[in-house]
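There are 4 protein chains.
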Amino acid sequence: MPVPVPNLYPPFNTVRLSHVEFGVTDLAKSRAFYVDTLGLQVSEEDSSTIYLRAMEERGHHCIILKQAAMAEACFLGFKVWDEDNLDRAAAHFAGKSLPVEWVESPHITRAFRTRDPQGIPLEFHARMDRLPPIHQQYKLYNGVKPLRIDHFNCFSPDVDASVAFWNDIGFRVTEYTEEADTGRLWAAWTHRKGGVHDLAFTNGFGPRLHHTAFWVPTPLNIIDLLDLMSTTGWLANIERGPGRHGISNAFFLYVRDPDGHRIEIYCSDYQTVDPDHEPIKWDLKDPQRQTLWGAPAPRSWFEEGSLFADTTAVPATLKASPIIAP
Amino acid sequence: MPVPVPNLYPPFNTVRLSHVEFGVTDLAKSRAFYVDTLGLQVSEEDSSTIYLRAMEERGHHCIILKQAAMAEACFLGFKVWDEDNLDRAAAHFAGKSLPVEWVESPHITRAFRTRDPQGIPLEFHARMDRLPPIHQQYKLYNGVKPLRIDHFNCFSPDVDASVAFWNDIGFRVTEYTEEADTGRLWAAWTHRKGGVHDLAFTNGFGPRLHHTAFWVPTPLNIIDLLDLMSTTGWLANIERGPGRHGISNAFFLYVRDPDGHRIEIYCSDYQTVDPDHEPIKWDLKDPQRQTLWGAPAPRSWFEEGSLFADTTAVPATLKASPIIAP
Amino acid sequence: MPVPVPNLYPPFNTVRLSHVEFGVTDLAKSRAFYVDTLGLQVSEEDSSTIYLRAMEERGHHCIILKQAAMAEACFLGFKVWDEDNLDRAAAHFAGKSLPVEWVESPHITRAFRTRDPQGIPLEFHARMDRLPPIHQQYKLYNGVKPLRIDHFNCFSPDVDASVAFWNDIGFRVTEYTEEADTGRLWAAWTHRKGGVHDLAFTNGFGPRLHHTAFWVPTPLNIIDLLDLMSTTGWLANIERGPGRHGISNAFFLYVRDPDGHRIEIYCSDYQTVDPDHEPIKWDLKDPQRQTLWGAPAPRSWFEEGSLFADTTAVPATLKASPIIAP
Amino acid sequence: MPVPVPNLYPPFNTVRLSHVEFGVTDLAKSRAFYVDTLGLQVSEEDSSTIYLRAMEERGHHCIILKQAAMAEACFLGFKVWDEDNLDRAAAHFAGKSLPVEWVESPHITRAFRTRDPQGIPLEFHARMDRLPPIHQQYKLYNGVKPLRIDHFNCFSPDVDASVAFWNDIGFRVTEYTEEADTGRLWAAWTHRKGGVHDLAFTNGFGPRLHHTAFWVPTPLNIIDLLDLMSTTGWLANIERGPGRHGISNAFFLYVRDPDGHRIEIYCSDYQTVDPDHEPIKWDLKDPQRQTLWGAPAPRSWFEEGSLFADTTAVPATLKASPIIAP
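Chains as they are written, first to last, in our numbering: chain P, 1 to 326; chain E, 1 to 326; chain Z, 1 to 326; chain Y, 1 to 326.
It is worth saying that the hints were derived from the structure and are not from the lab.
As the structure is a computational prediction, the values presented were derived from the model and not from experiment.
Hints are supplied without guarantee of correctness; some may be wrong.
Identical copies carry no separate label here, and so any pair may be met within one copy or between two of them.
To be verified - The calculated BS3-like cross-link candidates involving lysine-lysine, where the alpha carbons are at most 25 Å apart (straight line), are:
# : residue 1 : residue 2
1 : K96       : K285
2 : K139      : K29
3 : K29       : K66
4 : K281      : K96
5 : K281      : K139
6 : K319      : K139
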């Protein structure tokens with residue numbers, strides 16, 4: 001595949017990723033993870049649902065935890081520019097013969113649910129309830145001091161197809177990995193909001209949600225989280241890191257919530273607002289692609305992910321194997 | 001004045017601030033400051049001009065240093081979405097009876113010069129030469145490890161008028177200070193690229209350039225710069241800080257180049273991409289507005305700035321006095 | 001005065017500074033400061049007394065807060081090598097005609113009270129109750145994450161005399177400031193435990209306690225404390241900093257407790273265990289002595305301090321004035 | 001074995017570890033590693049030898065690199081309190097029937113060579129040439145900003161015997177690992193200078209030098225080194241980390257020099273000056289002993305080490321296997 005070319009005049013203007021809803025099997029345990037350990041703030045909660053936001057967010061929530069019979073990722077939420085763009089988005093999905101259903105979504109003015117061609121359940125909206133700023137209420141900061149939701153990463157059984165679809169609606173590729181011999185995409189990072197990504201795809205049994213990432217101030221906050229998790233009963237939930245990704249140049253840590261949903265703690269990527277920002281190509285065989293410092297990712301990182309609700313996952317089309325830790 | 005309302009459908013799409021040209025009276029000394037001390041990278045240089053970029057930038061330059069008879073800020077550069085937007089920008093300025101002159105600007109495809117209503121000299125372009133990424137060439141990082149140009153801050157003799165003009169072309173206010181009794185703006189921070197600002201205005205004899213800011217990874221890099229400047233002959237060039245701004249929540253340091261051009265070193269503001277991001281209002285009398293930790297700014301910080309080339313500055317319309325260090 | 005020469009074979013072996021008792025006028029408010037804001041851990045408390053320790057300390061306490069009618073520093077505590085050294089210490093003080101009184105000191109095996117020649121009330125002991133380690137209970141870390149008490153700094157009316165006395169009992173000078181014309185000591189830093197100081201003296205109305213310092217992991221913890229104090233009602237208690245001392249090379253912040261007792265938050269000095277470690281001399285007129293980055297200290301920093309209980313303070317013998325912020 | 005009991009009145013007073021001499025097979029390549037990458041400062045060099053010191057050291061050298069036919073650790077150097085203690089040290093080793101040879105050691109007043117009972121070659125001295133301080137010459141800081149040599153760690157074939165010997169000369173155990181069933185020591189950390197260790201022993205084919213450690217200011221310096229090594233051709237020399245040790249609580253990274261000599265970069269252990277500081281016991285089977293965050297060490301870390309010059313290594317007496325990364 002040639003270098004991905006962004007669509008600079010997409011049919012509607014997506015501002016950024018917005019929120020995700022997780023089905024969780026033990027709400028109290030999930031609260032202990034997301035609130036007491038990661039440090040997300042509770043916007044609202046009852047016996048079956050918890051709405052959370054990060055420290056610099058003014059939208060009502062970036063994560064919804066919902067007590068459920070089984071662990072799953074219910075949908076990925078995106079925010080568009082305004083109500084007009086929301087209608088144009090609905091029209092675009094409908095025009096692609098994708099399902100469009102307008103739904104009641106708490107704290108959101110108008111929202112519709114749809115899916116991308118690989119089946120990822122999506123929710124689009126233009127306006128979520130806004131809360132007063134808390135970013136200077138330093139007494140509230142704790143855990144890893146999460147500042148904002150940063151991105152989603154999904155397994156896709158056909159990354160070429162995924163990128164083509166999202167590229168068409170204005171998601172611009174910043175970095176990508178291709179199979180040297182076939183030129184097919186193994187993975188790609190695409191953004192709307194001016195960082196390395198809002199949404200990334202990696203080849204694998206899918207669609208499944210690989211991880212949801214939160215931005216934190218500095219690498220020291222990630223070290224603090226490791227110390228905290230290691231000494232409060234969450235040792236087994238540390239999966240990979242800390243390290244520096246070759247791709248994105250970000251300092252990272254991957255942890256798993258009590259149901260196995262993967263959370264990345266992330267800082268220090270770079271600005272990508274230029275429409276002529278050239279994507280960086282990586283070779284699938286380059287070990288520094290994953291970790292600049294050379295350490296390979298564990299097998300679970302390549303194989304495990306959250307199933308999407310009511311969604312059939314299928315094997316990936318590419319069989320090439322990346323480098324896996326022994 | 002009521003809360004500033006952003007124009008969400010401006011006449012042209014400005015991506016971000018881009019670069020600034022400084023007239024400097026001793027090019028070698030300025031090089032020692034910007035290259036050897038701050039750590040900016042030389043893209044190109046000859047006996048009269050030096051082009052610099054920061055570590056994660058791919059555009060050819062964010063600062064041009066030009067040997068000159070007197071210290072001045074020659075113009076502020078902005079990047080628009082594409083050539084079509086550039087033409088629309090030129091038409092917009094011309095339609096406001098502002099001077100539009102197409103110029104040869106090195107390493108830029110097409111550029112025009114104009115002024116805002118207060119007289120700030122501006123250069124708009126859509127495409128600057130791109131250089132290979134160096135953000136993972138860690139051997140090159142030194143000084144304060146500057147990652148990218150972040151914003152300009154200008155003295156304006158009439159901040160209400162400045163904000164009205166820039167607001168109209170899509171610059172959205174994130175925070176502002178008003179005089180409690182008159183409701184007039186004392187200062188405002190406006191952005192395009194999704195941070196707290198690309199361009200800010202503060203009441204004062206103007207137009208003059210108050211400062212140009214660079215983004216760095218963490219507060220520790222700012223501490224490193226203080227240690228370095230203090231022990232390499234630049235002690236007197238440290239003007240204010242380190243501290244945390246109330247406005248923007250950023251960790252800051254202000255230093256002066258050999259000609260007195262003020263440079264801010266800056267990190268940790270917050271994401272503002274939402275079109276419905278509410279501006280934060282501050283009272284001019286609140287001491288935490290300037291510095292969250294309470295320390296007032298020195299008198300020079302309120303009074304000194306770089307004159308723009310061939311530009312007449314006039315006294316400010318507001319006479320209210322902020323809090324100044326004794 | 002010639003360069004201070006350490007007594008490498010002192011009459012008894014002092015290990016380190018140990019603890020301080022403060023008379024405080026509102027115990028609840030002091031608790032809010034030391035426990036809820038600085039993050040010290042409560043070892044024991046009742047309605048009139050609170051015992052505190054820092055995160056890596058195993059001794060029962062480093063600060064005793066005692067409800068009192070007036071704010072004062074009751075005594076400075078020091079730990080000696082063993083009971084034999086304690087007896088030798090008592091004999092040494094008695095031999096200098098200084099008062100020696102064996103006292104009941106809670107959680108301490110044997111202790112005596114005495115004074116140095118300038119009248120500073122002192123308590124010496126060899127063995128305090130030991131508590132289980134908590135340095136890896138990361139859930140407990142909060143506030144500025146204080147790791148250990150680091151040093152005391154006292155106003156002395158005669159620094160030459162103070163240093164001569166403490167030097168004789170093995171406190172080795174690491175850095176000092178002298179009046180250029182008279183060669184008399186303005187200030188001196190003396191240690192036992194291998195850092196820049198356990199006990200420092202600075203010329204002034206005394207004896208009074210200038211400050212008590214706590215060691216923290218990195219400068220970022222100090223920035224966190226500034227953010228916290230600024231937004232939880234302690235803004236006026238921030239006195240000086242953050243900055244880098246020329247002397248000691250430490251990153252510092254000075255804050256005041258509710259009674260005005262001054263606390264320094266401190267990190268990154270250097271190792272001084274070598275018996276032939278040469279003291280560094282500074283000129284009283286060197287502005288980088290106080291702050292490497294050039295900012296002068298406020299007047300309060302030179303004039304205010306905690307009176308010692310039942311102790312008469314007298315004017316300093318030296319009248320030279322250091323550089324004071326306007 | 002019972003809890004190790006320190007000898008509080010050893011036959012001579014060792015101040016701290018001092019320096020190490022490495023035989024290296026390509027002096028230029030070693031210089032590129034130690035000077036250009038780690039950032040150690042050259043005190044003196046010629047075509048066959050390079051003397052290095054770290055940023056806050058005033059002794060002439062902490063590492064001697066010597067061009068040699070084969071890679072080896074020539075000796076471990078220790079500094080004692082004064083010449084009288086040096087003579088007493090020599091007498092003590094001689095009294096144990098260990099070889100004592102007075103040698104010419106460059107930049108050292110008087111030095112003798114000896115061995116511990118397991119055969120580790122040692123050099124003791126009281127006085128090395130002192131150099132002017134450079135810790136405030138911030139322009140010189142680079143690489144990982146090494147502040148001082150921190151400790152040696154050796155493979156010992158009989159850790160019980162090693163600890164008994166060094167304990168007897170005043171090295172106090174701070175932490176140790178024992179085999180649960182036999183109560184025999186697997187590893188122990190012993191100190192003189194008030195940190196977690198000057199000298200540690202770990203069970204294995206020995207005596208061999210496991211690693212030499214340098215103290216750095218913060219974990220961010222270690223991240224900087226990883227970024228630098230990863231992008232300047234030293235990727236394969238990164239062996240383990242970054243991580244937090246359970247034992248010592250230190251943040252660590254292990255790298256290998258061009259000959260395989262292992263260097264630890266280390267920060268944030270804790271103060272241990274109290275003579276009644278209780279050692280912490282760890283179970284060999286506790287995975288958090290090695291890495292608080294759970295990641296096991298690679299096989300090389302357990303098996304590889306530097307041979308000492310002219311020294312016979314023998315298999316370890318304990319066969320128990322710690323946890324090794326697959």
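| message | At most 25 Å between CA atoms: does that hold for K96 and K285 within a copy, between copies, both, or neither? | response | neither (35 Å within a copy, 56 Å between copies)
| said: For K281 and K139, with the copy left unspecified, which applies at a CA distance of at most 25 Å: within, between, both, or neither? | reply: For K281 and K139, only the inter-copy Cα distance (22 Å) is at most 25 Å; the intra-copy one is 43 Å.
| task | At 25 Å max between alpha carbons, let me know whether K139 reaches K29 within a copy, between copies, both or neither. | result | Classified as both; 24 Å inside a copy, 17 Å across copies.
| message | Reference check for the pair K29 and K66, CA-CA at most 25 Å: within, between, both, or neither? | response | within (12 Å within a copy, 41 Å between copies)
| field | Identical-chain pair category, K319 with K139, by Cα at 25 Å | value | Intra 49 Å, inter 37 Å, cutoff 25 Å: neither.
| message | With identical chains, the pair K281 and K96 could be close in the same copy or across copies; at 25 Å between alpha carbons, which is it: within, between, both, or neither? | response | The answer is neither: 29 Å in one copy and 44 Å across copies each exceed 25 Å.
The structure shown violates the earlier hints numbered 1, 4 and 6.
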